[in-house]
Amino acid sequence: MTELENDVLAIIAEKGRVERDRLALDARLADLEIASLDVIEIVFALEERFGIEIPFNANDARKEFDTVGDVLRAVESVVAKPAA
Amino acid sequence: MGHRRVVVTGLGVVSPIGSGVADYADGLFAGRCGIGPLSLVPTEGLSVRIAGEVRGFDPAAHFDARRLGLLDRGSQFALVAARQAVEASGLGFASDFGGPLGLRTATILGTGVGGITTLDEGFHRLYRQGAQRLHPFTIPRLMVSAPTAQVSMEFGLTGPAFTASSACASAAHAIGLAFQMVRGGLADAAVTGGTEASLTFGALKGWEAMRIVSPDGCRPFCATRNGMVLGEGAAVLVLETLDSARGRGADILGEIAGFGMSADAKDITAPDAAGAARAMRAALADAGLEPDGVGYVNAHGTGTTANDATEARAIHAVFGDHARRLLVSSTKSMVGHALGAAGALEAAATLLALRRQVVPPTAGVERPDPACALDVVPRDARDAKVEAALSNSFAFGGLNAALAFRRV
Chain A
1 MTELENDVLA IIAEKGRVER DRLALDARLA DLEIASLDVI EIVFALEERF GIEIPFNAND
61 ARKEFDTVGD VLRAVESVVA KPAA
Chain B
1 MGHRRVVVTG LGVVSPIGSG VADYADGLFA GRCGIGPLSL VPTEGLSVRI AGEVRGFDPA
61 AHFDARRLGL LDRGSQFALV AARQAVEASG LGFASDFGGP LGLRTATILG TGVGGITTLD
121 EGFHRLYRQG AQRLHPFTIP RLMVSAPTAQ VSMEFGLTGP AFTASSACAS AAHAIGLAFQ
181 MVRGGLADAA VTGGTEASLT FGALKGWEAM RIVSPDGCRP FCATRNGMVL GEGAAVLVLE
241 TLDSARGRGA DILGEIAGFG MSADAKDITA PDAAGAARAM RAALADAGLE PDGVGYVNAH
301 GTGTTANDAT EARAIHAVFG DHARRLLVSS TKSMVGHALG AAGALEAAAT LLALRRQVVP
361 PTAGVERPDP ACALDVVPRD ARDAKVEAAL SNSFAFGGLN AALAFRRV
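Protein sequences appear in the order of chains A and B.
Under UniProt numbering, residues 1 to 84 are what the first sequence spells out, in order.
Under UniProt numbering, residues 1 to 408 are what the second sequence spells out, in order.
In case anyone wonders, no lab produced these hints; they're calculated from the structure.
Everything numeric in this text was worked out from a predicted model, so none of it was measured.
Using N, Cα and C, we set each Cβ at its ideal position, and we do this for glycine too.
Each pair of labels, with its calculated beta carbon distance range:
1) B:Gln-129 to A:Asp-26: 44 to 54 Å
2) A:Leu-25 to B:Arg-367: 27 to 37 Å
3) A:Glu-47 to B:Gly-90: 49 to 59 Å
4) B:Arg-133 to A:Asp-70: 44 to 54 Å
5) B:Gly-45 to A:Ala-45: 11 to 21 Å
6) B:Arg-324 to A:Asp-26: 39 to 49 Å
7) A:Met-1 to B:Arg-324: 52 to 62 Å
DSS-like, lysine-lysine: derived pairs with alpha carbons at most 27 Å apart:
8) A:Lys-15 to B:Lys-205
9) B:Lys-266 to A:Lys-15
10) B:Lys-205 to B:Lys-266
Output of the computed footprint for chain B on chain A, the stretches with three or more beta carbons under 8 Å from beta carbons of chain B:
11) 35 to 41
12) 46 to 58
Next up, chain A with everything else stripped away, as it sits in the complex (with noise of 0.2 Å):
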């Protein structure tokens, strides 16, 4: 697992209010119970963390952010070079 994607399961775990374990990548947030407003909490968090902007509408939050694999692969295709 990479640093970068320690801290976004970190941050979707706090801000979720989701056990660190259950946070498989292909795991639905609404699964999870990670409300529409938590999600865009987790957004909050990781571009204030990462100093990034990642683009998000809520009214397209189903579509891009169904998954915690969606959420990951918003914030490494926005953060130029992951850390190893």
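Given chain A, put chain B in place with the hints provided.
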């Protein structure tokens, strides 16, 4: 003692598609969109770039410098709309409000955010520019009750007066309470409505962080909708009893027939169809209307995925088969979402629709969302025989209000 019937005899509007009822009506029925590039604040550092602004509003044309020093933009809008409404009603300061009627007139306005222009500018000076002190009028300008207080002072209205604040339903709650007061005999007239002017850099950053603002336009009930667009403005209504309006030969715009409220008690942002339906049903019951007696619903219709789908479900639940014949439009497509003023701007639109027998369109709709399964009057206004109409307001936090209007 039976309930008194309550009618609207004055209307005033300050909006992104025009100020004054005539311009507002022209804009609504022409499907004119007042949403455009933000000009009130620099957009550098903002992802929100469009809004429904009241353009060309010149405070100095309405207020002298001494008065203006005490007025946040929201109070300015409220006063200008109230002056129009009172003038249209034919009630005069000296002749009517200066006498016993002033004691028996309620002032109830809705505001969702309050004087945030004043707050934003003050805090910018304090935190960013290192100012040591704030202007002494900061508090009387920014308090959420300031517009109500200013309107009561403007006309000498000494009856019950307060601000109703329930985010996006504030004005609908204000009008509903004013209606109940006049109907129940606690007041003989009311100056009511809502005002909002919250397009500040700080407030817009807050909306930006919510991630629900559209980058390109407000298209309620459209398959391609992608969020809300913020607006600003004010609308004020003068209410009185049907008997008093007829007795003095006033021009009657329409009747407020009923009012319904509910709380979702579920989520601070997500809407709930059951809560919305309860408010609509309560308004219909209060008005003694059957669902098929309603011809038009001015929807809350924000243009977000969640609101419009949920509101459509609620309308289908309340109206059943009649939902397919009902005309439903969102005038936010033209003026944006003016938050605490929205319910008043939409009450005004609903009254104008009843009066003119023309339903304003949902402008900007490219393709009605089949999932909503409603006639949302896309793009062009439509002539329609409408005897009764609803105006919906569903706020963040699940605070819902629906007003029922009837043609007189």
